[in-house]
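Chemist: All chains, full assembly: derive it from the sequences and hints.
Single-letter residue listing:
There are 2 protein chains.
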Amino acid sequence: MNIVTPRRPSGFPEFLPHEQAQLQGMLDTIRCVYQKYGFLPIETPAIELAEVLLAKGGGETEKEVYRFTKGDKEYALHYDLTVPLARYVAEHENDLAFPFRRYQMQKVWRAERAQKGRYREFYQCDADIIGSSSIGHDAELVALLSDTFSALEIGSYTVHINNRKLITGFIEAIGLADKSSDILHAIDKLEKIGVEAVTQILKDCGCGEDDSQQILDFVHIDGSIAEIISQLEGLNIQNDIFTEGLKDMRELTEQVQALGVSEDSYTVDLKIVRGLDYYTGTVYETIIDEHPEFGSVCSGGRYDNLADYYTKTHLPGVGVSIGLSRLFAVLKEASLLKESSVPVTIFIANFGKGSRDWALKVASILRQANISTQVELDDDKPAKQFKYADKLGVPYTLVIGEEEVKSQKVMFKNMASGEQEVLSVEDVITRLSA
Amino acid sequence: MNIVTPRRPSGFPEFLPHEQAQLQGMLDTIRCVYQKYGFLPIETPAIELAEVLLAKGGGETEKEVYRFTKGDKEYALHYDLTVPLARYVAEHENDLAFPFRRYQMQKVWRAERAQKGRYREFYQCDADIIGSSSIGHDAELVALLSDTFSALEIGSYTVHINNRKLITGFIEAIGLADKSSDILHAIDKLEKIGVEAVTQILKDCGCGEDDSQQILDFVHIDGSIAEIISQLEGLNIQNDIFTEGLKDMRELTEQVQALGVSEDSYTVDLKIVRGLDYYTGTVYETIIDEHPEFGSVCSGGRYDNLADYYTKTHLPGVGVSIGLSRLFAVLKEASLLKESSVPVTIFIANFGKGSRDWALKVASILRQANISTQVELDDDKPAKQFKYADKLGVPYTLVIGEEEVKSQKVMFKNMASGEQEVLSVEDVITRLSA
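These protein sequence lines map, in sequence, to chains L and Y. Residues 16 to 449 (our numbering) are what the first sequence spells out, left to right. Residues 16 to 449 (our numbering) are what the second sequence spells out, left to right.
Hints in this document: simulated from the structure, not taken from any laboratory. Some clues are possibly wrong.
Since the list gives no way to pick out one identical chain from another, each pair is judged satisfied if it fits inside one copy or across any two copies.
[What the hints assert, rightly or not] The calculated DSSO-like cross-link candidates involving lysine-lysine, where the alpha carbons are at most 30 Å apart (straight line), are:
1. Lys-353 with Lys-396
2. Lys-71 with Lys-402
3. Lys-406 with Lys-327
4. Lys-131 with Lys-204
5. Lys-88 with Lys-131
6. Lys-78 with Lys-88
7. Lys-347 with Lys-402
8. Lys-218 with Lys-207
9. Lys-88 with Lys-71
This structure is a prediction, so every number in the text was calculated from the model and none was measured.
Modeler: Here is the structure:
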């Protein structure tokens, strides 16, 4: 028979079981927090009708969509969870309670140029609140993000918050409304390319030296949240959009505080605009403090109308998205992944046919006590059994030989220390549940 | 703007949040039991290289594969989890400990003719043990299935076990070895089309009347497990394959008993052969006792060599697969789905700005106590808030008005009974944790 070399297309990550368990642990943690905030689960099909999924036209993204024909239909794999959410909400509008809080954790696919930490298949973990313009929802997402990143236990983090109305209003107030889009795109690049390069871009799109300086001064306003807000007030800008943004920001931070979110875990950052024109108000980025080089590991913001391509109902919303696969990859590289709860806790070694029934009985008692257990069923030599247990990485082994069958006990062996002692099965359960 | 009607391709199921929560509950339950038996998690990419995934050639299945070209590569979506497992095991051979117990719960895609309860996108939940021929592993899977279906709480069930060597050896012994494949395919149809139709097929493929009767008598051997085995022994068949099958079955049932599996939950059923030629020994089917019309909701068996297309290493294995989406659909239709643990337990209604901060504080305390909580943030009128809470289906609402702010308490309302009482937040937590 011809052997086909087993291999995957590039950009499609795959993990060994202990890594998969770590990833699963992160998914479980995120889900648990999302649910605590009353977000409801949905899943949408990976495959959508191309004409529906791409109704809006994806610009740059559209080239990256996996699309194909089967029969007389053209299909496309979803490349994010926002467009499917829009389709979902429009399709099930009458069955949902608005504001609709949904979370969705699924893989998405993009034929991006393969690059380190850039995958073509990756998990996104999204939470959105659809159908309300109240700033209280924006505040809840700050609390949600803070709780989520605390629960993930991957070091200290900061949720950076801004409101695009502030910079948009400011630009209008200094008479540069016509260059607004160019200026926002320039600021969006600030973290990556630095002040000098951004100044050059601003110059190129027709901003005077003074204007550029004003804009850069504005986005660099810094301090505690109270200080930043007070500085913004001090600017005395007479512009409706700016005033609205300032009011939003004041209310948002008040409510975040009322929600008891620690001031260590969030900040106002006027430099954040998020590239997407899609966002209209609050925007979020989340930085792992010790690893700013990871970039934002969870981003999002408020948008005006989620599903305008699918329904006439006006659906404003606010949402965040964790790019989990990328986060997992950078944490792994930086050795910051939490140890997973070891799935196999107990391996039962088994010396000869005579001890098999007792070994199986012990396995069944341990499993009833919710202790993950695997028993030797191949009658391999003891040395081979221990080598296997080592490779599995189990912390404990039970050795069952003639003596143990007679006494209906087990030899409990700590694989790390090598210590062993004879225990009853009940004692093993007590030991492991302690 | 042109509105595109929001819709999905047919055969792609999608659920409302409370149904999704029920499905998620089943996934969690299955995962939990699989892990208790020491199965390790893996996931493989949805998209594989077509030449690798389809190396073996899929026969009928191949037509149902979603495949497409992007750039200079031809891709295919996985249509089961067994071929990807074979590729995975061969690719990561050196990093895995054998016998390798893995579970894998993912969606797969097949462009099947759309039909009731037949989906084009569906969840499979597989557990396999790779790299050992010991019958003990076959026995463990019976215990695994029994535990899994008990944990799912969807009524009584029976795991039907057979060993293909029994019927194959029997056919050889009565001199019909050359018709073996046809006979097995006929028996496979027995449950669906009945004795008469099968007799006709047997006749068509050249079996005499006596032969047909013998075959049908054989597969209908019935009774307790001990009785069936004793009847098989009583046949005194002199055939190596049959003898091997009988020994396997004896050992398997002994070990299943040693594992403490209730005799109510499994049986030996000589009618089961499973269509796939792929299986060589033990085969399994699982029937929900009250709903035989569902057919087998979890099937599998032992195979000789998992990954012969990808590696020269001989990898015998045994595995089972739950077609979860189909199971979910039939349970839903039969109103047998378990209520999901309601994701939103508490809705905090909020009467006016004055009470907002206390409402947010209460939400944060409840969430810290792991109680799923949502708070009204839209300042809607009370009647609208309660209507919303009703539509969400929350069992409890906390009402917070001026009085409650003053006393730093909450009005705890049972949505079903309408009863309400004033409680401290601590009392609410105690009440809900009880």
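Chemist: Failing hints, ascending?
Modeler: 1, 2
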